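2 protein chains.
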Amino acid sequence: MSVTTVNYPEEFKGFAISDPSEWSNPKLTSYIPKNFGPKDVDIEIECCGVCASELAVLKNKWSSGPLKSLSSTYGPKTQCVGHEVIGKVVKMGPDVTEFKLGQRVGLGAQAFSCQECSRCKADNDQYCEKYVGTYNGVYDDGYISQGGYASHVRANECCIFPIPDSLESHIIAPLQCGGLTVYSPLKRGIKDVLAEGIKPVVGIIGIGGLGHMAIMIAKALGADVVAISRSTSKKEDAIKMGADGFIATGSTEPWEKENYDKFHLLLNCASSATDLPLDRLLRTLQVNRPFISVGLPDIREKFEVSPFTFLQSGSVIGSSKLGSKAEAIELLELAAKHQFKPWVETIPISEAGVSEALTRLNDGDVRYRFTLTGFHEFFGTGK
Amino acid sequence: MSVTTVNYPEEFKGFAISDPSEWSNPKLTSYIPKNFGPKDVDIEIECCGVCASELAVLKNKWSSGPLKSLSSTYGPKTQCVGHEVIGKVVKMGPDVTEFKLGQRVGLGAQAFSCQECSRCKADNDQYCEKYVGTYNGVYDDGYISQGGYASHVRANECCIFPIPDSLESHIIAPLQCGGLTVYSPLKRGIKDVLAEGIKPVVGIIGIGGLGHMAIMIAKALGADVVAISRSTSKKEDAIKMGADGFIATGSTEPWEKENYDKFHLLLNCASSATDLPLDRLLRTLQVNRPFISVGLPDIREKFEVSPFTFLQSGSVIGSSKLGSKAEAIELLELAAKHQFKPWVETIPISEAGVSEALTRLNDGDVRYRFTLTGFHEFFGTGK
Chain S
1471 MSVTTVNYPE
1481 EFKGFAISDP
1491 SEWSNPKLTS
1501 YIPKNFGPKD
1511 VDIEIECCGV
1521 CASELAVLKN
1531 KWSSGPLKSL
1541 SSTYGPKTQC
1551 VGHEVIGKVV
1561 KMGPDVTEFK
1571 LGQRVGLGAQ
1581 AFSCQECSRC
1591 KADNDQYCEK
1601 YVGTYNGVYD
1611 DGYISQGGYA
1621 SHVRANECCI
1631 FPIPDSLESH
1641 IIAPLQCGGL
1651 TVYSPLKRGI
1661 KDVLAEGIKP
1671 VVGIIGIGGL
1681 GHMAIMIAKA
1691 LGADVVAISR
1701 STSKKEDAIK
1711 MGADGFIATG
1721 STEPWEKENY
1731 DKFHLLLNCA
1741 SSATDLPLDR
1751 LLRTLQVNRP
1761 FISVGLPDIR
1771 EKFEVSPFTF
1781 LQSGSVIGSS
1791 KLGSKAEAIE
1801 LLELAAKHQF
1811 KPWVETIPIS
1821 EAGVSEALTR
1831 LNDGDVRYRF
1841 TLTGFHEFFG
1851 TGK
Chain V
1471 MSVTTVNYPE
1481 EFKGFAISDP
1491 SEWSNPKLTS
1501 YIPKNFGPKD
1511 VDIEIECCGV
1521 CASELAVLKN
1531 KWSSGPLKSL
1541 SSTYGPKTQC
1551 VGHEVIGKVV
1561 KMGPDVTEFK
1571 LGQRVGLGAQ
1581 AFSCQECSRC
1591 KADNDQYCEK
1601 YVGTYNGVYD
1611 DGYISQGGYA
1621 SHVRANECCI
1631 FPIPDSLESH
1641 IIAPLQCGGL
1651 TVYSPLKRGI
1661 KDVLAEGIKP
1671 VVGIIGIGGL
1681 GHMAIMIAKA
1691 LGADVVAISR
1701 STSKKEDAIK
1711 MGADGFIATG
1721 STEPWEKENY
1731 DKFHLLLNCA
1741 SSATDLPLDR
1751 LLRTLQVNRP
1761 FISVGLPDIR
1771 EKFEVSPFTF
1781 LQSGSVIGSS
1791 KLGSKAEAIE
1801 LLELAAKHQF
1811 KPWVETIPIS
1821 EAGVSEALTR
1831 LNDGDVRYRF
1841 TLTGFHEFFG
1851 TGK
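Note that the protein sequences, when read in sequence, are chains S and V.
Here this note's numbering is used: the first residue of the first sequence is 1471, the next is one more, and so on.
Here this note's numbering is used: the first residue of the second sequence is 1471, the next is one more, and so on.
Just so you know, these hints were derived from the structure itself, not from any lab.
Just so you know, not all the hints are guaranteed correct.
Identical copies carry no separate label here, and so any pair may be met within one copy or between two of them.
[Claimed, not checked] Calculated lysine to aspartate or glutamate pairs in the EDC-like style (CA-CA distance at most 20 Å, straight line):
| # | residue 1 | residue 2 |
| --- | --- | --- |
| 1 | Lys1558 | Glu1826 |
| 2 | Lys1497 | Asp1635 |
| 3 | Lys1772 | Asp1749 |
| 4 | Lys1600 | Asp1749 |
Fair warning: this is a prediction, and the values are worked out from it, not measured in the lab.
Could you build all of it, start to finish, from the sequences and the hints given here?
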């Protein structure tokens, strides 16, 4: 038996760390999955996007305690990440109704919601109090969830999305988390404008993994899109992605005056909250419109804002978390209809491949998203 | 000629300071009004509410430079405050169309907007870039505006409101600024909920001058209202004002859990931003709902929020400024229809009266709003 052969369904194989200082070198490991529930689905993974949240969790930047997996009541004490999964259904619990064996599906950053609370019932399942993340999440029974840099992943069907046939797996893997994370606030943030028959004007701050998808998605939703970055280094790329305009906030131009009262929505896709010229940015919002952050910084980092900052236009600021399952399905249908494609560089999965992806992502050396591929070859699956 | 006799229309008389350290002792003074414009209206003042912003401006807390009136190009170098004016029209420019001589009118915190920009045209005149405040505001010609602790006040008709006959002047004076300041975010913040036929649930934080009017106004708008205060000392009052519930944030109860996912809107009427248990408060908001501040602190004070704080419910936070003229008229009609009445203590105007009002307001010794009255008697006007 080869070292990579998977003893499925008793065990999954994946790349995991046991020490945050080793964040860039996950090692191949075997582990038992969570106990199989009646609504659970096992996905045999074909490919998996690489999301910046992986860095934050592997480095333990979003926690003030030790690595969560160390407290697992059963299952591995190590942590495997990855939550932009495309694969096929290979096992279903008796209560699964939405899928069939062999179907191609996607899984994002959420693996469980209760489906019973008012939030779940109102298509706000990403804000369910019982939310469990696809990795580094705590199930009721104490199992710490394990992600998609792996042969298989187990999740509740309520968090799994059908994939339209016309979409290529490795290209749309990043939509499962990153794409959905920008789709939800974009859709919610301009819905009222579209309903009035007005073309929304949207500013996308930070042209990276999230921002580049946000440009495409905002365009597909019918907005005028302005890319906002510190320098002009990504201007050409942003225009290729579909941006109608570009603002370099580091320039000496009075850009906030030239763009006064312009935007219906500012979507902040930059990962740092403190580096932003927040006061100047808020001047570009129309009255009572929002600045929404999806890029999450270190847990100790803060926005510092004076109530006066908002006063010039009665603007608001906040954050948005992922998207609902309904929104994920809408997004995938939008991608199929508009055929927009995230700019993806593929890296075959292996210890070296995972390490390369994480290291280069950490260095900002990606234009604009990695997808780990070749899972079938590596794990001997896909047969 | 008595010391208080006014040489109108060449001069107004009012109570003004020339040094922020003397904030609690404005002195009777004469001054020339701004040059009379074609849309200007002179109001002979009957009474004037006392607003907490007076304290901030007299103490120069909302500025990082010296007292603004010192830089006036003409007119007084002293500052008279007051912007909850009720009085009658005694002079009108040739282009005034909305009013007639002798009509009872109100004036709030805004004395000028351009009426030409997209914001003015969309009933967002309070966010007009050319906004001039009723006092401490800078006109294009360099005159620093002078407020309503005075015999008369001059303002553009676009900022003046007709007063329904059934309302008593001294009772509804505080609606001109304070009432409007809470009405606008209340109305805007629950409009979508009402449109869906749902009864909005609104939390009013800080039961003082602004908060007590917010309770009444939110009730009149059709909301379920919960008063939120540090202790239970104002609970009985809040219930009398119409509150359906009460939360004491300083108590040891897990109030944020008991009120999880409850509010469509949190309106912060407390004047300090840093004292609030912001993280706990945001847990009580429903998904994607706002926390809006109308109480303005010292200009150096900040909200400190982590993007993570918002994540549990995708909430947003912001500030709201005054209200539009259209909203002021709606509010006065709402007051006439529902006959809600701010709790007002009257103090006859004089140097001693103004000093008492400011000092007691500064000490929090007011339940819940002062109106300065007796202007006609004091200034020998009203004939």
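- If you check each hint against the structure, which ones fail? 1, 2
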